[in-house]
Amino acid sequence: MEFSDDPYVLELLPEFVDTWLEDISTQLNVLIESNNSDELYRMGHTLKGSCLQFGLDSIASLGIELMGYAREKKWEQAKLLERKLLNEFDRIKKELSAK
47 MEFSDDPYVL ELLPEFVDTW LEDISTQLNV LIESNNSDEL YRMGHTLKGS CLQFGLDSIA
107 SLGIELMGYA REKKWEQAKL LERKLLNEFD RIKKELSAK
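Residues in the sequence shown are numbered consecutively from 47, following this note's numbering.
Check before you lean on any hint, since a few could be wrong.
Said to hold, decoys possible - For lysine to any residue, the following SDA-like pairs were computed, each having C-alpha atoms within a straight-line distance of at most 20 Å: (1) 130 x 62; (2) 140 x 70; (3) 120 x 139; (4) 140 x 84; (5) 145 x 84; (6) 119 x 84; (7) 140 x 122; (8) 139 x 84; (9) 139 x 53; (10) 125 x 145; (11) 145 x 70; (12) 139 x 79; (13) 145 x 133; (14) 139 x 88; (15) 125 x 70; (16) 125 x 142; (17) 140 x 55; (18) 140 x 57; (19) 140 x 75; (20) 125 x 100; (21) 140 x 88; (22) 130 x 79; (23) 130 x 57; (24) 125 x 104.
Source of the hints: derived by calculation from the structure; they are not laboratory data.
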């Protein structure tokens, strides 16, 4: 994956990744278990938009997927997406560490 050459973006990206790793780990399952489709949709929408700002298109597409699952109340599919999201953010974190 290629990251932006913008030093400001590169400076913010590690904290951005850590924040999302924590949010996904602590909030996503709670929203799914409580069948909170509105907040789950909002989380997916925020994920999509913020990831696009950082050029993380693969994760942004997962945010779009999450929005769809929330809208359709597909709780099992949303739950399966949690692991994909964590894996993607972990992969980016490792790539940033290698830079």
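- Message: Going through the numbered hints above, which ones does this structure break? Give me the numbers in ascending order.
- Response: 3, 4, 5, 7, 8, 10, 11, 12, 14, 16, 19, 20, 21 and 23
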